[in-house]
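Number of protein chains: 2
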Amino acid sequence: MEHLVIIGGGAGGATAAAKARRTKPAIKITMIEAGKYISYAACGLPYYIGGEIKEISKIILRSPRDFKDLYNINVLIEHKVEEVYPAKKQLLIRDLIKEETFNISYDKLIIATGSILATPGIEGVNLKNIFSLRSVSDAQNILKVITETKPKKAVIIGGGVIAMEMVESFTKRGVEVTVIEREPQILLNFDPEIANQVKIYLERQGVKVLTGCSVKEFRGNSVNEVEAVITDEGELEAQLVLLATGIRPNVKLAERAGIFLGTTGAIKVNERMETNIKDIYAAGDCVESTHIITGSSTWAPLGSVANKQGRVAGENVAGGKAIFRGVLNSMIAKVFNFTVARTGLSEKEALQLGYNIVSGLVVASDKSHYYPDRKDITIKLIGERKTNRLLGAQIVGEGVVDKRIDVVVAALTKGMTVEEFINLDLCYAPPYAMAIDAVLVAGNVLLSQIYEDLGVITPVELKYRLERGENLLLVDVRTDKERRRSRLPDQYFIPHYELEKRYNELPKDKELILYCYQGKRSLQGLKTLKRLGFKQVKSLEGGLKLWPYEVIQ
Amino acid sequence: MEHLVIIGGGAGGATAAAKARRTKPAIKITMIEAGKYISYAACGLPYYIGGEIKEISKIILRSPRDFKDLYNINVLIEHKVEEVYPAKKQLLIRDLIKEETFNISYDKLIIATGSILATPGIEGVNLKNIFSLRSVSDAQNILKVITETKPKKAVIIGGGVIAMEMVESFTKRGVEVTVIEREPQILLNFDPEIANQVKIYLERQGVKVLTGCSVKEFRGNSVNEVEAVITDEGELEAQLVLLATGIRPNVKLAERAGIFLGTTGAIKVNERMETNIKDIYAAGDCVESTHIITGSSTWAPLGSVANKQGRVAGENVAGGKAIFRGVLNSMIAKVFNFTVARTGLSEKEALQLGYNIVSGLVVASDKSHYYPDRKDITIKLIGERKTNRLLGAQIVGEGVVDKRIDVVVAALTKGMTVEEFINLDLCYAPPYAMAIDAVLVAGNVLLSQIYEDLGVITPVELKYRLERGENLLLVDVRTDKERRRSRLPDQYFIPHYELEKRYNELPKDKELILYCYQGKRSLQGLKTLKRLGFKQVKSLEGGLKLWPYEVIQ
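Protein chains in written order, with our numbering: chain A, 1 to 553; chain B, 1 to 553.
Everything labelled a hint here was simulated from the structure, so no lab data went into it.
Be aware that a few hints might be false.
All copies of an identical chain are treated as equivalent in the list; a pair is satisfied when it fits inside any one copy or across any two copies.
What the hints assert, rightly or not - Straight-line distance between alpha carbons at most 27 Å, and here's what the computed BS3-like set of lysine-lysine pairs gives: (1) Lys-80 - Lys-348; (2) Lys-98 - Lys-252; (3) Lys-414 - Lys-208; (4) Lys-367 - Lys-54.
Here the structure is a predicted model, which means the values were calculated and not measured.
Isolated chain A, as found in the complex (with noise of 0.2 Å):
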């Protein structure tokens, strides 16, 4: 009888092997997990740390035995597949109970093996008390310090989904946290305006956020135990770190294989899940994704995408036709009651790619404006200027944003336009949406951009143009009071009301920058400057109240 062999019980393992016996009966199927659970929800692990889930076995989906009952599928835990053979079709395992080495024969083999922890070279890391969250184990050991140890604070290192998750677990476990960040942002997936709302959030939850920032070393106790992270800032106490520093696709054993690694560093894989060497596919944190819109290259490490990848592996190894189209890298996280989102490209990523832009900032209200409990999220849209086509959502806030991301991600999976997009027949009630949908005013408002360029432009934008070294004057427009406070490195002041007669200071020759507070001083100005024959002056999106990068103190 053919003989299927899975190696990795995580989402992707377990979820092929499960589909694989769905399609077709006749085969033998045997799954190989290293570790001592499979087929468990590990993107529940922080709800388990933080109490919202009581029992660790409520997020451990199957047993090896469920397996064996439910689908007749061999399961071997601990045990390690040590080499892959492509030529013998066999492959060299270690029992790590018993330490013992032997050889199986495949017939069709799928690569499951997900992703590793890229541990920090930080001195003091392999202190007690300094975890990262990647297993059951993992949870459970971070359970028993808090419950046991009572930590006063901990740190998070990175400022990730992870980390904005096990943030809301450790304050929810009455811990007090710091975040760590290297970068000048946390969450490098969003544009820094988005980014930097989290940052407010959370500050105003009383987590500190450090970006920018540097972690040099771990300092111990006389026992071991983490009491201080030293950073290129100064020294934090600690008795509990968490390491959310980023994973990598786990794929020496393929590379060994000899099966071809992507520009990611993931195994490259066909749209039907194979790998380049036949009757060897693989799935999940492992494998690298084609990215809906720019149709190069991506990997996106998450259990949805691992998810649907089993499902296409194991139907395909066992006869079937599916194809995996690819991904938007569609994001969510829950950090307290605020929700951040995204799909398709950020501004950031949009201009590095050499798309020209436009982009719609709104801030709108998530059900009809007089409905009780309605809250604002803050919406930014990304749009190709040529093409009027839709390239990307952030959605951020304590409104509902899970539903307007998901109806972008179904929009731009199809290509749609702006124009296409605001016509949407959504649902409206008013419990649930204003008559014009949030995501649809961020619509209109970006056709606006595109149709009648107002002369906006985004800190992202103007952040990179500075950057690149380009010749821009900034207009500060506020009040002098105001300028006292902050502001940024600009060349002219000249408040809203007096650029009508004062406008002579200006050069016409050169791009002028013009900002306020919030944008519509500015935006006023622009127009003013405009009529009195100013060709290049722009207005800076939502003033310095959304600047995420640093001002003049």
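Since chain A is already given, all that's left is putting chain B on it; use the hints.
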């Protein structure tokens, strides 16, 4: 100066006026409204009556004064346009207060006369405390009766979306509610098994729902207040009656002016919102729209549609090039903690239009199954067998419905196939979805139905084929005990565990429909019979549990 006149100050008219002004500052704009209020959120009225919205002013978005101050638009309230003279470009207007008429000229005209109540011709319909809910005054009058006379019992005539919303409002005010619907199901835009879930839910909330029941007469007391509703099934006490029997487009004025109506009886417009007469546009409840899937005309009198059409008419009348692309008859209603929503074609509609369809019905979790407060939702997707295209969706339940239905809206708008749909890279984190979102789970089921043809028949299809007189034989495969409670009008009864030995009792040359309680045993039985050589055998989807029609008791 060019003069734009807008007839009607509701959602369509007010939006058109504001958009026209933003598009073209240098025109004169006049808006004429027969009622007292303009630009109010009619969809908010149930929540004012229910008490969620405390002050009526919250749902009045703009006053005539606001329109003057903000947009320089002249508004005449309590003025009725009595005739349109396209040849002279004149309007005959009646001042409803002074009871005087006068003429004004227009260069461009937008007709936004909305809809009117289709008052049922029932004896006693003019008794006191019988209301419809069409205006701010209606809402105020209803609330006055509730607070001043404290009615014990209310009857709502009609079982559409407004009726559903008002059930909640009345109940919250402590009034006992009975809903009377003439047709065999409430929510006629939905398939019966979905509508039936709402009925069952309402009944659990203590609301009486009478379907297939006609009102004969309203009986009044000595002071002409309603005291009873006489139906063909008996008499119901009622101190308050709401007529929610439906509306029709308000088109008499347009018709007399020579403006063409479409097949739906509403004004026919092109995608620029132009009528057949030059310089006359129309928008809102008085016009018909193109259905994005079928391409034929449909009437979609909803605030969201009126707003979009108003924008398009307002922009174009001022020289713009906006396009309204049509509707999907998307609809959503909140009924206590239940949400019911639809978009695209229902199964009923698709069958009537001759589509060869498959349907996928699943009950799935709105969040990860281990996340607190997760709730189930029922999702029904309709797909076309030939093209593999998604045609429609209906979703109902206590979980998050609105986000999933809007994803389907975007998918339908671009003609997405089921196979593209299941690949959607929707955002995933445990508080927002399962790793494979519930709506994609439904997509997966639908795709299996298309590819594998499991031999399932839906209640709608079975009913449809029985009514056409097709020779189908129903087989009950439940136990004797279950059968004694209730059954379908079947021809055979063989418990599933006896099929193997008693299959000879069944004819092989007829089409057999097996049914059980939930659809599992009948699907098992189907497989058994197919193995035994039966070619024409189907299993009833959802079994007796989801059967929304009558049963034999």
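Hints versus structure:
{"no.": "1", "hint": "Lys-80 - Lys-348", "in the structure": "neither (41 Å within a copy, 54 Å between copies)"}
{"no.": "2", "hint": "Lys-98 - Lys-252", "in the structure": "within (23 Å within a copy, 88 Å between copies)"}
{"no.": "3", "hint": "Lys-414 - Lys-208", "in the structure": "neither (41 Å within a copy, 45 Å between copies)"}
{"no.": "4", "hint": "Lys-367 - Lys-54", "in the structure": "between (33 Å within a copy, 16 Å between copies)"}
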